[in-house]
Amino acid sequence: MKRVLAVALGILTAIGGFVDIGDIVANAEAGARFGMAHAWVLLVGVIGICAYAEMSGRVAAISGRPVFDLVRERLGPRVALANLAGSLLVTVLTLGAELGGVGLALQLATSVDYLLWVPVVAVVLWVALWRAKFSVLENVFGLTGLTLVVFLVAIFRLGPDTGELWQQATHPAPPAGEDWGTYWFFAVALFASAMTPYEVFFFSSGAVEERWGRKDLLTARVNVFLGFPLGGLLAFALMATSAIVFHPLQTSVDSLSQTAMPVAMALGRLGLAAAILGFFAATFGAAMETGLSAGYTVAQYFGWAWGKLRRPREAARFHTVVMVSILAGVGVLMTTIDPIQLTEYTLVFSAVALPLTYLPILVVANDRDYLGERVNGRLANGVGVVFLVVVVLAAVAAIPLMLVTRMGGG
Amino acid sequence: MPPEPSGGPLRAGRLLGREVRHRDGRVLGRIADLHTTRDDDGREYVTAAIVTSGRWGRLLGYERDEVIGPWLVERLARYVLRRHTHHVPFDELRL
Amino acid sequence: MLIGFDLLDRQILDAGGEPVGKVDDVELDRGPGGNLYVAALLVGPKALGERIGGRLGRWIEGAARRLSHDYEQDPIRIPFDLVAGIDSAVHLSVRRELLPDPALEAWLRDNLIGRIPGASDAT
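Residue numbers (the working numbering), protein chains in the order written: chain E, 1 to 410; chain C, 1 to 95; chain L, 1 to 123.
To be clear, the hints were calculated from the coordinates, so they are not data collected in a lab.
Be a bit skeptical, because a hint or two may be false.
[To be verified] If you want a taste of the chain E side facing chain L, the calculated C-beta under 7 Å gives, among others: (1) S63; (2) P77; (3) G303; (4) G307; (5) R313; (6) R317; (7) H319; (8) Y370; (9) G372; (10) T405.
These numbers come from a predicted model, not from an experiment.
Ideal Cβ placement from N, Cα and C applies to all residues, glycine included.
Required output: the full structure, derived from the provided sequences and hints.
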């Protein structure tokens with residue numbers, strides 16, 4: 001059991017990146033409109049985030065320095081502050097969206113409007129981050145989120161035309177009625193959310209919270225190479241079930257309840273219940289990940305004491321940032337903005353944050369002063385450089401695509 | 001030693017990025033970093049300045065030998081470094 | 001040693017490994033021969049704001065001052081003699097209890113976080 005729990009950090013981090021509320025719907029929407037034509041993006045995203053999460057975990061385990069600490073150290077106070085502003089906006093907007101997502105999952109289960117749930121969810125989230133042990137949070141929400149495997153089961157129960165799905169996946173192009181602009185908008189959105197910066201903030205800070213050291217390098221690797229592919233697989237299952245059920249009917253998907261329909265069709269009430277539980281755990285897990293990440297980034301930029309290993313009064317500034325971020329997230333939702341659309345706006349801020357987060361990780365992972373013999377090998381550097389270029393391209397392309405396609409509306 | 005009118009304590013943050021001239025008056029560029037050496041009294045004395053004529057003040061750590069690779073990033077950083085950077089003994093500078 | 005690379009913006013840890021702050025600036029003073037030496041590390045939003053400079057820097061300074069009533073302590077000055085070693089962080093030879101409390105941390109602890117039930121409990 002201990003072995004199983006040891007990978008909870010990786011799983012929780014990956015769920016927050018791949019199947020948070022925005023992704024659940026974005027994957028299903030991509031599946032409905034484009035079939036499996038975006039499957040390759042998930043694969044690319046998994047490889048990219050694995051490479052950088054592995055580097056950040058290794059740097060944290062050996063030198064004890066989490067990612068935002070390195071960002072300021074290598075880029076200086078001004079550039080790091082620009083990154084901090086961008087990352088914090090991504091993180092807090094996502095946090096707001098997740099609070100709404102938990103509300104939407106509860107709305108599915110109880111038929112009470114999600115906006116009424118949001119304040120309750122926010123209070124529960126804050127109490128959890130204030131009182132609960134880091135490892136408990138990880139285990140409960142990381143592992144409960146895995147109930148989303150019902151989507152994987154549903155693929156087989158739906159008995160799809162695998163030849164057709166394979167055809168869509170291997171010939172990526174927009175189907176009739178869609179254009180390349182929208183196609184690429186979805187591709188960039190799915191890729192950016194796979195590589196979203198708070199994943200490495202959370203993963204590397206979690207490694208410090210768990211007191212990983214040189215001897216835990218294997219644990220770190222297992223976390224990365226099991227957790228992120230698993231997150232990617234869940235995202236893939238959401239896309240596939242939607243592609244099987246909705247794509248032939250040419251219906252579009254834009255709500256959480258529609259996303260769960262294929263599971264209900266394939267597995268009945270019990271399956272639907274599992275899907276809703278999975279939505280709840282995944283969105284709540286993502287809310288925790290983003291709430292803590294907001295605190296981690298600000299505290300690490302300024303060098304404050306941070307983390308859940310300390311009593312709250314010994315990390316007063318950190319806990320204040322977490323609290324204010326939750327309040328800000330609630331405030332954004334109370335404008336009645338659609339929580340699902342909210343995560344797409346974060347693309348704009350990712351454009352600043354992504355390259356400025358991944359460049360310092362790559363540079364420090366090559367620094368022998370920090371890592372000794374554990375510096376990057378050729379493979380890590382090759383993949384790292386390629387993805388740095390891809391991240392810059394995606395960041396540059398994101399905003400024009402967003403404007404041209406009116407957020408993928410076409 | 002460059003003459004400094006005030007003589008009081010000085011902030012390193014104010015020296016970095018400042019434009020400096022050689023004693024003979026020609027402009028060398030901006031200070032990117034300050035090199036120190038430990039003296040017999042245990043103090044770290046400023047002995048040299050890394051002066052760059054480029055705008056890029058932050059060198060990502062590639063000025064040290066411990067960072068090697070990745071090839072592309074290192075090439076870019078070292079290209080910027082070699083083209084513009086000089087190591088100038090501190091007593092040859094006029095601030 | 002390189003002041004910009006090895007000191008500035010590095011994390012400072014106390015003798016017990018607890019975070020003290022970032023090196024926000026470095027104070028240089030003149031030795032007997034008039035040569036500059038590293039006298040102290042400066043920690044705090046005031047030093048950081050001055051280093052960032054411009055309108056943004058002044059805003060950080062101002063925000064820090066308003067949020068913390070006694071800003072006399074800002075920036076915290078840590079004599080360089082207290083530095084025990086430098087690797088990926090700057091390690092001090094003393095515990096942080098011996099250094100002045102960061103003003104914002106003290107204010108938030110006394111007026112906000114410390115008043116919430118459970119603030120003193122380990123999780």
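Structure-based check of all given hints:
no., hint, result
1, S63, "holds (4 Å)"
2, P77, "holds (5 Å)"
3, G303, "holds (3 Å)"
4, G307, "violated (9 Å)"
5, R313, "holds (4 Å)"
6, R317, "holds (5 Å)"
7, H319, "holds (5 Å)"
8, Y370, "holds (5 Å)"
9, G372, "violated (11 Å)"
10, T405, "violated (34 Å)"
Of the hints listed earlier, those the structure fails to meet are numbers 4, 9 and 10, in rising order.
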